[in-house]
Amino acid sequence: MSDLPTFAPPVTPETKPFWDATAEGRLVLPRCTSCQTVIWYPRTFCPACHTEGVEWIEATGEGTVYSYTVTHKGDGPWRDASPYVMAYVELDEGPRVLTNIVECDPATVTVGQRVSVRWDPTEEGPAIPRFAPVG
Amino acid sequence: MTIRGKASIAGAYEHPLRVIPDRTVAQVHADVAVGALADAGLSMDDVDGYFCAGDAPGFGGFSMAEYLGLQLRHIDTTETGGSSYLCHVGHATAAIAAGKCSVALVTLAGLPRSDPASMMGGARAMFASAPEAGFEMNHGMAIHGGYALAARRHMYEFGTTSEQLAEIKVAASHHAQFNPDAFLPKAVSIEEVLESPLVSDPLHRLDCCVVTDGGGAVVVVSPEIARDLERRTVKVLGHGEAPKHTNNGRIDLTHTGAAWSGPRAFEEAGVTPGDIDYASIYDSFTITVLETIEDLGFCEKGKGGAFVADQGLRAPDGRLPFNTDGGGLCNNHPANRGGMTKVIEAVRQLRGEAHGEVQVPDCQLALAHGTGGSLANRMGSATLILGQEDA
Ligand SMILES: [Zn+2]
Numbered sequence: 001m002s003d004l005p006t007f008a009p010p011v012t013p014e015t016k017p018f019w020d021a022t023a024e025g026r027l028v029l030p031r032c033t034s035c036q037t038v039i040w041y042p043r044t045f046c047p048a049c050h051t052e053g054v055e056w057i058e059a060t061g062e063g064t065v066y067s068y069t070v071t072h073k074g075d076g077p078w079r080d081a082s083p084y085v086m087a088y089v090e091l092d093e094g095p096r097v098l099t100n101i102v103e104c105d106p107a108t109v110t111v112g113q114r115v116s117v118r119w120d121p122t123e124e125g126p127a128i129p130r131f132a133p134v135g
Numbered sequence: 001m002t003i004r005g006k007a008s009i010a011g012a013y014e015h016p017l018r019v020i021p022d023r024t025v026a027q028v029h030a031d032v033a034v035g036a037l038a039d040a041g042l043s044m045d046d047v048d049g050y051f052c053a054g055d056a057p058g059f060g061g062f063s064m065a066e067y068l069g070l071q072l073r074h075i076d077t078t079e080t081g082g083s084s085y086l087c088h089v090g091h092a093t094a095a096i097a098a099g100k101c102s103v104a105l106v107t108l109a110g111l112p113r114s115d116p117a118s119m120m121g122g123a124r125a126m127f128a129s130a131p132e133a134g135f136e137m138n139h140g141m142a143i144h145g146g147y148a149l150a151a152r153r154h155m156y157e158f159g160t161t162s163e164q165l166a167e168i169k170v171a172a173s174h175h176a177q178f179n180p181d182a183f184l185p186k187a188v189s190i191e192e193v194l195e196s197p198l199v200s201d202p203l204h205r206l207d208c209c210v211v212t213d214g215g216g217a218v219v220v221v222s223p224e225i226a227r228d229l230e231r232r233t234v235k236v237l238g239h240g241e242a243p244k245h246t247n248n249g250r251i252d253l254t255h256t257g258a259a260w261s262g263p264r265a266f267e268e269a270g271v272t273p274g275d276i277d278y279a280s281i282y283d284s285f286t287i288t289v290l291e292t293i294e295d296l297g298f299c300e301k302g303k304g305g306a307f308v309a310d311q312g313l314r315a316p317d318g319r320l321p322f323n324t325d326g327g328g329l330c331n332n333h334p335a336n337r338g339g340m341t342k343v344i345e346a347v348r349q350l351r352g353e354a355h356g357e358v359q360v361p362d363c364q365l366a367l368a369h370g371t372g373g374s375l376a377n378r379m380g381s382a383t384l385i386l387g388q389e390d391a
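Note that the protein sequences, when read in sequence, are chains U and V.
To convert, note that position 100 of the first sequence is 100 in the UniProt record's numbering; the numbers rise steadily by one, no gaps.
To convert, note that position 319 of the second sequence is 319 in the UniProt record's numbering; the numbers rise steadily by one, no gaps.
These are calculated hints, taken from the structure and not from any lab test.
Here the structure is a predicted model, which means the values were calculated and not measured.
Some hints here could point you the wrong way.
Unchecked claim - Derived list of chain U stretches under chain V, where covered just means 3 residues or more per stretch with a C-beta under 8 angstroms from a C-beta of chain V:
hint, segment
1, 38–47
2, 67–75
Stated by the list, open to error - Footprint (simulated), chain V over chain U, 3 or more residues, beta carbon under 8 angstroms:
hint, segment
3, 20–26
4, 51–64
5, 97–111
Said to hold, decoys possible - A short, non-exhaustive set of chain V residues, derived as facing chain U with CB atoms under 8 angstroms:
hint, residue
6, P21
7, E132
8, E136
9, M137
10, D201
11, R250
From the three backbone atoms N, C-alpha and C, an ideal C-beta is built for every residue, glycine too.
Kindly generate the complete structure, drawing on both the sequences and the hints.
Dropping the structure here:
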């Protein structure tokens, strides 16, 4: 668990399967039942074939850093957390997700680095996915 | 059908102040509306079309039409962040071509320095209800952090350097030193940019635009009205716009929506990037300029760093003189939205009214480009091609 600011996300009927899984430390992704595209951000409408209907698949929780930044001057609650690493991680299932890289010296993060998911719990139940270097 | 030449910009006005502690947002909208109409030689009674975006207070277009006492037959409140006003000029030209109005007023105003609270309510409420909010709210996305993600990826793919990005600020500051109204009127060096504190690695404080109060307005008119005005007008030759988003989680951080809006504008105008004498390029951050000049076709994708490094952006002699008012990086970024000032400086260049030190000789064709939102997730891009009165 990191010490980054962590707030309970809004949970709607549309996103409940995703957030319920996070509470159990599982990363699930919606996959379109018509065209099999893996969808991000989680929703029940497929932006690839424009139909409604998904199944929730278990992700490996691993990926590579697509881009990152060490923010030295964050906003609001992030000011005190600075410096921290914000990143896009490309999941092995395809989507590039906005996240943070944790459990490492920010100066050692690189594009292309392998990372795996970590969970920061919220009091309300859902946990927030962040990533740490593999190995 | 195209809108090429179907309307002209007859009036343009930039608020001269950068800190306005004693006026409301509505008052500043009125200040710039009056200024642009006076510049055109028209009055509030001539206005029959009104365009504004998310910076307008209250109920936006309704509130401002009432405040200003406008009697309208056309209203458009297209909101694409900082690029809204370039969309508005395109939409106003289309509306004029379709006979929906003949004198269109476009205004922008905001007080992010003197009254930050006046800026944040709308944006916060919008984000809270966004379907993506739960998946982006927990990662500390500062505005500069988002652009830093784009800069990092561009560096990784193309070898772009911090020195090359810094030259964009240096060129803007080279121009700003001739603008008595510029918020940062001092020329800076590449070393000064690199030595300024990192805000989000690899972006430094001086890679960022200024935060200023202020505003601006333009008046777009039909050819019939332009003909009767004494003031020199500027013809709208082409317009393109495009939203770009995360594309189902397959976001590409090295392109902007300019890759789509640019070709549409060039095609409508019937010109190519090589024909452009002057360019106003949206400059929220240095990386915004770098990616945009590539996407608009001024150089190959990935070669923007080399393009700017040999001082290609510096007026009056660079290959692509840009932002000769000092741009958002040094002059003015009123309401945290740089689109309006991009149009205004292009109008100055085409009228031959830019500062003598930065006026492009015989400037016949200008481009203005806006980028709203963020390179890091979703943006509105809009491109205008403008030409001299007889273009
Ligand atoms: Zn589908």
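Going through the hints against the structure:
Beta-carbon proximity to chain V at under 8 angstroms applies to 7 residues in the segment 38–47 of chain U; the threshold of 3 is reached and the given coverage holds. Only when three residues or more bring their CB closer than 8 angstroms to a CB of chain V does the claim for the segment 67–75 of chain U stand; here the count is 9, and the claim holds. For the segment 20–26 of chain U, the stated coverage by chain V is not satisfied: 0 residues place a CB nearer than 8 angstroms to a CB of that chain, which falls below the threshold of 3. Given as covered by chain V, the segment 51–64 of chain U fails the check, having 0 residues with a CB less than 8 angstroms from a CB of that chain where 3 are the minimum.
Evaluation of the coverage hint for the segment 97–111 of chain U: fulfilled, as 5 residues show C-beta separations to chain V shorter than 8 angstroms, against a requirement of three. The criterion of a C-beta within 8 angstroms of any C-beta in chain U is not met by P21 (chain V), whose closest approach is roughly 23 angstroms, and the hint is violated. Because the smallest distance between the Cβ of E132 (chain V) and any Cβ of chain U comes to about 5 angstroms, under 8 angstroms, the interface hint for this residue holds. With a least beta-carbon distance of about 5 angstroms to chain U, the hint placing E136 (chain V) at the interface is held under the 8 angstroms criterion.
Annotation: M137 (chain V) was flagged as interfacial toward chain U, and the flag holds, the nearest CB pair being 6 angstroms apart, inside 8 angstroms. Given the 8 angstroms rule on beta carbons, the hint for D201 (chain V) holds: about 4 angstroms separates it from the nearest Cβ of chain U. The interface hint given for R250 (chain V) is met, as the beta carbon of that residue sits about 6 angstroms from the closest beta carbon of chain U, less than 8 angstroms.
Of the numbered hints given earlier, the model fails hints 3, 4, 6; all others are met.
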